[in-house]
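Visitor: Residues 8 to 66 in this note's numbering are what the sequence shown lists, from first letter to last.
Treat the hints as calculated values from the structure; they're not laboratory data.
Think of the CB as a built atom: it goes at the ideal place given N, C-alpha and C, for glycine as much as any other residue.
Among the hints, erroneous ones may be present.
[Claimed, not checked] Simulated DEER-style distance windows between Cβ atoms:
id	residue 1	residue 2	range
1	I45	L19	11 to 21 Å
2	P36	P66	32 to 42 Å
3	R58	K35	48 to 58 Å
4	L16	Q39	28 to 38 Å
5	I33	T65	34 to 44 Å
6	V47	F26	17 to 27 Å
7	P66	L31	38 to 48 Å
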Amino acid sequence: HAIDLDRILHRLAEAGGTFSGKKLQICKPKVQILGQTIGVDGREPDKDRVRAIVEWATP
């Protein structure tokens with residue numbers, strides 16, 4: 008993982024790209040990105056968003 012991360016960050020720097028230090032989430036067991044929780048076991052939708060859809064009132 009660390010080698011892949013180093014490779015990605017190096018290529019991004021070569022291309023002139025940047026990351027926001029406030030938003031960067033690395034070396035964490037789980038992260039939330041774009042309404043998904045992503046971890047070592049895979050990904051799943053954000054529970055709050057799923058609940059909002061399930062509890063949506065029927066017209």
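Visitor: Looking back at the numbered hints, which does the structure fail to meet, lowest number first?
Guide: 3 and 4
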